[in-house]
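Modelling step: build the complete structure from the supplied sequences, incorporating the hints.
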Amino acid sequence: MLSRRFILGAIGALALAAPATTASAEDLYVPLVSKGFQHQFWQAVKLGAEQAADEMGIRITFEGPDNETMVDRQIDMLAAALANKPAAIGFAALDSQAAIPLLRQASDAGIPVIAFDSGVDSDIPVSTATTDNLAAASLAADKMAELIGGTGKVAVVAHDQTSRTGIDRRDGFVNRIAEKYPDIEVVTVQYGQGDHLKSTEVTKAILTANPDLKGIFGTNEGSAIGVVNGVQELGTTGLTIIGYDSGKAQKDAIKSGLMAGAITQNPVGIGYETVKAAVAAVKGEEVPALIDTGFYYYDASNIDDPKIAAVLYD
Amino acid sequence: MTSATETKSKTLLSHLVDTGAHQKLLAFASLIALLIGFSIASPNFMQTSNMIAILQATSVNGVLAVAATLVIITGGIDLSVGTLMTFCAVIAGVVLTYAGMPLPLGVAAAIGAGAFCGLCSGTFVAKMKIPPFIATLGMMLILKGLSLVISGTRPIYFNDTPGFDQISRGSLIGEIIPALPIPNGVLILFLVALSASYILGRTVLGRYTFALGSNEEAVRLSGVNTDAWKMGIYALAGGICGIAGILIASRLNSAQPALGLGYELEAIAAVVIGGTSLSGGRGTILGTLIGALIMAVLTNGLRVLSVAQEWQTVVTGAIIILAVYADMVRRRQTN
Chain Y
1 MLSRRFILGA IGALALAAPA TTASAEDLYV PLVSKGFQHQ FWQAVKLGAE
51 QAADEMGIRI TFEGPDNETM VDRQIDMLAA ALANKPAAIG FAALDSQAAI
101 PLLRQASDAG IPVIAFDSGV DSDIPVSTAT TDNLAAASLA ADKMAELIGG
151 TGKVAVVAHD QTSRTGIDRR DGFVNRIAEK YPDIEVVTVQ YGQGDHLKST
201 EVTKAILTAN PDLKGIFGTN EGSAIGVVNG VQELGTTGLT IIGYDSGKAQ
251 KDAIKSGLMA GAITQNPVGI GYETVKAAVA AVKGEEVPAL IDTGFYYYDA
301 SNIDDPKIAA VLYD
Chain C
1 MTSATETKSK TLLSHLVDTG AHQKLLAFAS LIALLIGFSI ASPNFMQTSN
51 MIAILQATSV NGVLAVAATL VIITGGIDLS VGTLMTFCAV IAGVVLTYAG
101 MPLPLGVAAA IGAGAFCGLC SGTFVAKMKI PPFIATLGMM LILKGLSLVI
151 SGTRPIYFND TPGFDQISRG SLIGEIIPAL PIPNGVLILF LVALSASYIL
201 GRTVLGRYTF ALGSNEEAVR LSGVNTDAWK MGIYALAGGI CGIAGILIAS
251 RLNSAQPALG LGYELEAIAA VVIGGTSLSG GRGTILGTLI GALIMAVLTN
301 GLRVLSVAQE WQTVVTGAII ILAVYADMVR RRQTN
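Quick note, the sequences are listed as chains Y and C, same order. Numbering of the first sequence is given in our numbering, commencing with residue 1 and proceeding in unit increments. Numbering of the second sequence is given in our numbering, commencing with residue 1 and proceeding in unit increments.
What the hints contain is simulated information worked out from the structure, not anything from laboratory work. Where a beta carbon is used, it is the ideal one built from N, C-alpha and C, also for glycine. Some hints could be false.
Said to hold, decoys possible - The calculated label-pair distances, taken between Cβ atoms and stated as ranges, are:
1. C:48 <-> Y:164: 31 to 37 angstroms
2. C:329 <-> Y:306: 56 to 62 angstroms
3. Y:164 <-> C:265: 20 to 26 angstroms
4. C:48 <-> Y:51: 35 to 41 angstroms
5. C:99 <-> Y:105: 29 to 35 angstroms
6. Y:67 <-> C:98: 34 to 40 angstroms
7. C:133 <-> Y:205: 32 to 38 angstroms
8. Y:252 <-> C:331: 53 to 59 angstroms
9. Y:306 <-> C:130: 37 to 43 angstroms
10. Y:171 <-> C:325: 54 to 60 angstroms
11. C:169 <-> Y:164: 24 to 30 angstroms
12. C:215 <-> Y:67: 40 to 46 angstroms
13. C:98 <-> Y:212: 50 to 56 angstroms
This is the structure:
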């Protein structure tokens with residue numbers, strides 16, 4: 001009797017889900033397997049993907065593991081996505097090596113793979129939709145130089161030293177300063193794992209060691225918020241802070257003048273371009289190997305500009 | 001000689017089935033119901049490649065759940081299985097990639113490291129009388145930290161060890177029956193389950209595992225060195241986590257040092273869905289195996305049906321509660 005109730009429950013759960021699959025069985029289906037799904041950044045990517053899917057009349061799904069350490073869970077998601085015989089697949093690899101057997105399986109089955117956010121170290125993806133992080137971080141360096149008057153000491157609070165984005169944003173900033181602004185010195189680059197609290201501690205340590213510091217660049221949302229927190233806790237004034245990405249706390253800091261400005265990627269655009277490239281690849285059209293999804297510098301003056309507001313997220 | 005090994009494996013298999021058969025009917029029926037339900041709901045669910053994907057997804061969690069079952073039957077709990085798995089994978093990486101040693105040595109080092117860490121947990125619990133929840137919570141954090149320290153927070157790849165990825169990804173069965181490329185990882189899960197089931201049902205260690213969980217005091221008063229046996233069980237569970245470490249490292253062709261946190265809860269979920277009592281003294285490996293399969297089928301099925309990810313988590317949680325509740329009610333009725 002109980003087992004019957006259990007079975008009924010299970011079938012009930014399935015019945016709830018069933019219409020979604022049967023209603024659009026004829027459509028083109030493109031699953032996106034992302035690095036995460038609950039962070040606001042990924043929700044913005046998802047939003048862009050859904051916009052493109054609506055416009056092109058295709059069906060997408062968007063999934064990612066609970067956190068960015070779960071490499072094997074991401075592989076399981078990729079396997080389940082392949083089972084649905086998709087027309088194409090969008091994939092943001094947590095570890096590109098680990099995924100290669102499944103990606104090969106996809107490409108052998110003639111399913112085009114579009115990499116998004118970060119590249120895959122392989123020739124399987126027909127295209128990669130991502131931000132040019134090097135160029136974006138150089139823009140941050142230019143803005144920093146402009147705001148501090150082209151001279152003085154600055155520091156970088158980066159999110160990590162191993163991921164592609166961590167390396168590119170750090171190098172983009174540091175190299176630009178070294179090449180173009182001889183009077184500006186990057187005194188230190190410290191890492192806070194993109195964690196608010198750790199980045200706060202790192203910032204306080206930097207400020208304690210360098211009381212004459214003029215500016216700090218935080219390389220992702222968590223790092224930038226950490227810099228703001230650290231500066232607030234120490235009560236330091238007159239420091240130029242430049243952040244990366246958005247989020248409510250960072251937007252508020254910019255509006256209140258605590259933060260000078262930030263680089264924003266275009267997460268909506270990443271999602272949109274991924275789906276667009278997938279559809280083009282399915283139709284056999286030419287797809288560029290690299291799609292630069294763009295970035296902007298925003299500050300209190302243009303934060304409400306519709307073009308900027310569209311790519312910011314809370 | 002072949003017939004001898006055949007009969008032996010047959011008794012092992014019948015043993016695995018016998019002890020669990022009556023208890024596990026419910027969980028098994030649920031598994032079948034899920035399989036049928038998903039097959040009706042999506043034509044893409046029931047295909048060989050997807051069934052293999054489900055088995056592959058079960059392999060690591062299943063092995064961890066077997067380790068967790070052993071400890072849970074003693075009335076304890078092991079929260080460190082996930083990070084211990086990662087730690088063993090990192091040890092394998094150090095031995096194979098950094099030191100360039102031959103493959104068997106790396107596997108042995110991983111399993112040895114697992115058994116040693118299990119022995120440490122067992123010592124904390126048995127000798128130092130630290131509650132298992134706390135002792136293994138501490139171990140979980142120690143091992144998570146050590147994995148990051150030893151690896152320098154970077155994944156260790158096994159590109160220089162040919163054949164390493166075949167431990168989990170390769171398919172011996174597929175070489176014999178090409179239509180059925182069941183990965184070796186799944187084979188290893190079943191071997192681990194069979195061995196653990198044999199140990200629980202046929203050896204002194206197994207008898208004491210149950211006895212410790214039912215009434216530890218009585219066992220001690222009858223003159224048994226309960227501490228030593230308990231440490232033995234934790235060490236055995238640790239060694240099994242070492243096997244899981246090899247499986248996941250092989251599957252990812254890399255030791256991912258940050259991975260592992262949260263895996264202990266999925267393993268424990270598989271154990272309780274399989275009808276093992278968290279208060280100890282009762283449980284079967286077959287039940288755990290079915291529990292792990294239910295988890296994997298559910299996750300995969302909901303994905304294939306394209307259920308929104310937020311709801312997948314809700315449904316999984318509800319199924320865990322439902323499964324355990326059903327088991328409790330049935331048990332009350334039989335008593």
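Okay, the hints, checked on the actual structure:
{"no.": "1", "hint": "C:48 <-> Y:164: 31 to 37 angstroms", "result": "holds, 36 angstroms"}
{"no.": "2", "hint": "C:329 <-> Y:306: 56 to 62 angstroms", "result": "holds, 58 angstroms"}
{"no.": "3", "hint": "Y:164 <-> C:265: 20 to 26 angstroms", "result": "violated, 31 angstroms"}
{"no.": "4", "hint": "C:48 <-> Y:51: 35 to 41 angstroms", "result": "holds, 36 angstroms"}
{"no.": "5", "hint": "C:99 <-> Y:105: 29 to 35 angstroms", "result": "holds, 33 angstroms"}
{"no.": "6", "hint": "Y:67 <-> C:98: 34 to 40 angstroms", "result": "violated, 27 angstroms"}
{"no.": "7", "hint": "C:133 <-> Y:205: 32 to 38 angstroms", "result": "holds, 35 angstroms"}
{"no.": "8", "hint": "Y:252 <-> C:331: 53 to 59 angstroms", "result": "holds, 55 angstroms"}
{"no.": "9", "hint": "Y:306 <-> C:130: 37 to 43 angstroms", "result": "violated, 60 angstroms"}
{"no.": "10", "hint": "Y:171 <-> C:325: 54 to 60 angstroms", "result": "holds, 55 angstroms"}
{"no.": "11", "hint": "C:169 <-> Y:164: 24 to 30 angstroms", "result": "holds, 25 angstroms"}
{"no.": "12", "hint": "C:215 <-> Y:67: 40 to 46 angstroms", "result": "holds, 41 angstroms"}
{"no.": "13", "hint": "C:98 <-> Y:212: 50 to 56 angstroms", "result": "violated, 43 angstroms"}
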